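Given the sequences, and given the hints that come with them, work out the whole structure.
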Amino acid sequence: MKPWEDHYSRQAKKEGFPARSIYKIQEIQRKYHLIRKGHRVLDLGCHPGSWLKFAAGLTGDRGHVIGIDLKPVSIKLPAHVRTYTGDVMRFDEDLAASVGNGFNVVLSDMAPNTTGNRETDAARSFDLCMLALSIAQTRLIPGGSFVCKIFQGEDFKNFSESVKSGFYQFKVFKPSASRKASREIFIIGFGKKTGG
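Just so we're aligned, residue 1 is where the sequence shown starts under the UniProt record's numbering, counting upward by one.
Hints in this document: simulated from the structure, not taken from any laboratory.
There's no promise every hint is true.
[What the hints assert, rightly or not] Between beta-carbon pairs, the in silico distance windows are:
hint, residue 1, residue 2, range
1, 30, 10, 19 to 27 Å
2, 61, 14, 20 to 28 Å
3, 173, 193, 14 to 22 Å
4, 30, 7, 37 to 45 Å
5, 33, 120, 29 to 37 Å
6, 127, 193, 18 to 26 Å
7, 184, 14, 21 to 29 Å
What you are looking at is a predicted structure, and each value in this text was computed from that prediction instead of being measured.
C-beta atoms are modelled at their ideal positions from N, C-alpha and C, and glycine is treated no differently.
So, in structure tokens, the structure goes:
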């Protein structure tokens, strides 16, 4: 592990967050102000819980934050946060009914199990992103926002175009907390189109 990675990880623990990914969502929020008091937020791939905890602080107890991940989230979370242990890839009717809809923001920090092969990893990331976008399109209110991590690869442009077609505004953002060598980047859609 590189020294600056140690710094981010240590800092996150010191501030009561389980992972360094907290600094990515903080930076996105500072720049774009996506999550507000009273909002309903859906966090796909929410383990270990840093984004859940951060979103919960922004929505306040009048908001609702719901997270889904294959791994259970073990950190202490406020009462207005619910988590489901399940496979987002199998977002069936039962899970959809439990989660509900009417979300203001859908977040996805999902990443595939990496193989070390950049093309394979990027293709798997694209599949997760398309799934996250599909969920966002059915769960977001008109005007809602979508944040999704993707590994840059051949399908990056296709995914970008898919997000552009469903949202009025579109941004590509790489937080400073992302490793410089990493191919991860965040796609942000603002203002979900009606029926998009």
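Here's how the hints hold up against the structure:
no.	hint	verdict
1	30 / 10: 19 to 27 Å	holds, 21 Å
2	61 / 14: 20 to 28 Å	holds, 25 Å
3	173 / 193: 14 to 22 Å	holds, 21 Å
4	30 / 7: 37 to 45 Å	violated, 19 Å
5	33 / 120: 29 to 37 Å	holds, 36 Å
6	127 / 193: 18 to 26 Å	holds, 23 Å
7	184 / 14: 21 to 29 Å	holds, 24 Å
Of the numbered hints listed earlier, the single one contradicted by the structure is hint 4.
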